[in-house]
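Asker: Below are the chains, spelled out letter by letter.
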Amino acid sequence: MNKNKVYYFVKNNQIGMALLLSLLIFVVTIALNPKSLNVNAFGSILSLMSMLTIAAAGQTLVIIADGIDMSVGATMSMAAIVTVGILRGREDPMLFVIAILAAIGVGAIIGLCNGLGAVKAGLPPMVVTLYISNVVNRLQYVMTGGTPEFTSVSLIYKSFMTERLFQVFPVISFFALGMYALIFWLMNRTRYGQQIFLIGNNNRAAQLTGIRTTRLKVINYMMAGILSGIAGFIGAGNSGYIKCGAFDGMTIDTIVAVVIGGTLLAGGKGSYAGTAAGALLLIVLSNGLAVLSVSPSMKNLIMGVILIILLGVYNRAKPVRA
Amino acid sequence: MLEMRNISKNFEAVQALNHAHLKVEKGEIMALLGSNGSGKSTLVKVLSGLVNPTGGEIYIDGEAVQIKSSADARKHGIAVAYQDFSLIPKMSVIDNIMLTLSPCKKNGQIDEKKSREMAEYYLNELQIDVSPDAPVELLMPSTQSMIEIAKALAMKPRILILDEATASLHADEVEIVFSVLKKLKAEGTSIIIVTHRMSEIFRICDGCTILKSGETVAEGNVNQLDLDEIVFHMTGKYPDKEIGKQETKEKNHHLQLLLDVKDMAMPPKLKNVNFQAYQGEIVGIGGLDGQGQSEFIRVILGDHNYTAGKMIYQGKEIRYKQAADAVSDEIGFISGDRGRESIFPLRSVAENLFAGNTARGKLFAYLSPKEIDSFAKSAMQKYGVVAGGLRHPANSLSGGNQQKLVVGRWIALSPKLLLLDDPTKGVDINSRREIHRILRECTERGMSIIYVSSDNEELLEIADRIYIFYEGQISALLAGDDRREEKLVAAMLGIHQKQEEKGKQDDESKN
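Chains as they are written, first to last, in my numbering: chain X, 1 to 322; chain C, 1 to 511.
These aren't lab readings, by the way, just hints derived from the structure by calculation.
Just so it is clear, the structure is predicted and the values come from calculations on it, not from any experiment.
Some hints could be false.
[Said to hold, decoys possible] Below are the SDA-like pairs computed for lysine to any residue, each with C-alpha atoms no more than 25 Å apart in a straight line:
hint: 1; chain 1: C; residue 1: Lys377; chain 2: X; residue 2: Lys120
hint: 2; chain 1: X; residue 1: Lys269; chain 2: C; residue 2: Phe364
hint: 3; chain 1: X; residue 1: Lys269; chain 2: C; residue 2: Gly399
hint: 4; chain 1: X; residue 1: Lys299; chain 2: X; residue 2: Lys120
hint: 5; chain 1: X; residue 1: Lys120; chain 2: C; residue 2: Ala154
hint: 6; chain 1: X; residue 1: Lys269; chain 2: C; residue 2: Lys183
hint: 7; chain 1: C; residue 1: Lys185; chain 2: C; residue 2: Tyr278
hint: 8; chain 1: C; residue 1: Lys362; chain 2: X; residue 2: Gln167
hint: 9; chain 1: C; residue 1: Lys183; chain 2: C; residue 2: Ser213
hint: 10; chain 1: C; residue 1: Lys370; chain 2: X; residue 2: Lys120
[What the hints assert, rightly or not] Counterexamples of contact, computed for chain C against chain X with all Cβ distances above 12 Å:
hint: 11; residue: Lys105
hint: 12; residue: Asn107
hint: 13; residue: Glu187
hint: 14; residue: Phe275
hint: 15; residue: Gly315
hint: 16; residue: Lys316
hint: 17; residue: Ile343
hint: 18; residue: Phe354
hint: 19; residue: Ala365
hint: 20; residue: His436
hint: 21; residue: Asp481
Just so you know, even glycine gets a beta-carbon here, dropped at the ideal spot from N, CA and C.
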């Protein structure tokens, strides 16, 4: 009986599992290297987790609607470069408004291209978004000639972002909370959210029930692009050094966070809370491996194996009962 | 030659075959008949190795054999041409015909030249005029059917089965197939034909085996049977017994015309369809599988585009681009193909019930889970739609309850016109009655219902008027006293090609 309960928990409570595993990994890390238990480490885990959670917001929406967005990283990099380029180290509040609007615009355009390719044209989302991500990446080099004139925001913006309240909570974690509220409202308190869940679960049924599936999925890709643009704007402040393709590595991390959090790659089921828990697990694991001074290649290898195991446990599409 | 004895097969609770038997001699052409769901297809699949029976024996040439896979079936010389093609759409005609049969050179490479010769031989035999290199997906459905038959012939079978393979063929193509069959028969091949076209049976078949509810109810020589007898065996009803005996209210003339379809065509599936639905009535649509019924209902919904004719709904001419347009005009659609077209298996019962509502209204307006729950709760209470908790995923429910969920989804929105495509397919008898009761209540409140069903009894029970589709056209309209099973069956088989006038006396049915 007890065994069944454990099995049920492991199998069905991905968020709980992610939190439990995070705790376990953190404890092991401390046990192996007691020096890693300090306020600073907490702060840096929180900061990294917040960044990843914000970046994975759009990815969560797209995967729930049975798509995938391989351009999250490139969109963020582009938005960050645009942000830094507009601010040019200045601190005028008007410029901040212009920069954030520009970041949103960049995201919206890339998202629209993703949506038109993956939904309107009916091409495989994985391929379309990956190629668009390539184009966006190259575009950064073309625009800046390879090395951007400005590589960082003004010190004030940067320290505002990275400032730690009570020495633990970085400001970016409050942005993550804000993002959480926004996505939670979008997914659980609007028709939009209901519709993307239904589309992701059974697109044909959604269509015959009267949902404008094509239009909604294009909007959803755009929404994801906008969220990635905002993530890029925040990332520009959070990171000390912006170059071309600065956030490209984020794409895979967002997918991993979403999947670990229990969102089905096949769509129709998932939550942003899960994504946040997945992000935490990913960051704690990466932190632990760094603290134990595992070589980067070994670190990638271990994380890859863990991802495959988690995918195998959680992400197999269940057969539909006829 | 071939004998199947006491074959039984259960699909969970459904008994598809119940001690069925079938016997075919060498060089005999046997017709295998039965209405929809009588077990014909399952019996054929047992022979082809696609279905493993739960009981019974198969003898070929007097020897007991086990057919566990299609490879086994092939080993015993059994080849099947199916109605729903087993062709691979993107592959060429040659490759499809020669699939797994291609002759090899010594080094293991396929001998293209020989392969082409062999395929062309069968194309000539069946007089199929296509380029052998064309991908089959680009061909006409009837040509695809012919290639399906060629593919079966290429296996040089001892036992050839045509599983409704002639259903989409044109008359001249049927002639060609029959002449080939006669030749094969003379060579000693045993042939089993599954068909709904009665005229074909009398022309080519020697023997006849009739299935009903998975049992073999009649066997015999075709010469000794007439059509009425066959229909009787298939339906199990005396031809003069009236089923649609409850009084139909003569209300059609007083009521408002809701939907008027004029000369609608959508080649190759629909031609020249004229159809009316009045307010507050249940219009039935009957016919054999694949005669255009489901296409027609999806045309109304805007899911398919028609090429000719017009559609007038509530006095206005309409042309929907997608289902969403129809839904915003208060048209609802319930599909019998739950898994693919209606249920959201991972989402909760409440969300499934609310889905029709989810589809309309402002995208970003506030929508609380309470609103979804209370809507779902009231729908459940009002119509007794569902067992199980609001928060449970829909795939935790049984098939019948899932279907009630889908019905409830639309009923609760009370659309003006509700389209149903075989909504009780695979639904147990109690749920079916429940669904019928709910639908009748709705019509009393003025809803109009168009009901496609493959089950004749169901149609006669629920529909005020019944349109019958045959090869993409309406072959009959039965209303009032005309709603009798034998008329329905006759129209389904295309025996009355002309649309009968309501109330006109029909001599043949008087028996």
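Asker: Checking each numbered hint in turn, tell me which of them this model violates, lowest number first.
Answerer: 1, 4, 5, 6, 7, 8, 9, 10, 17, 18 and 19
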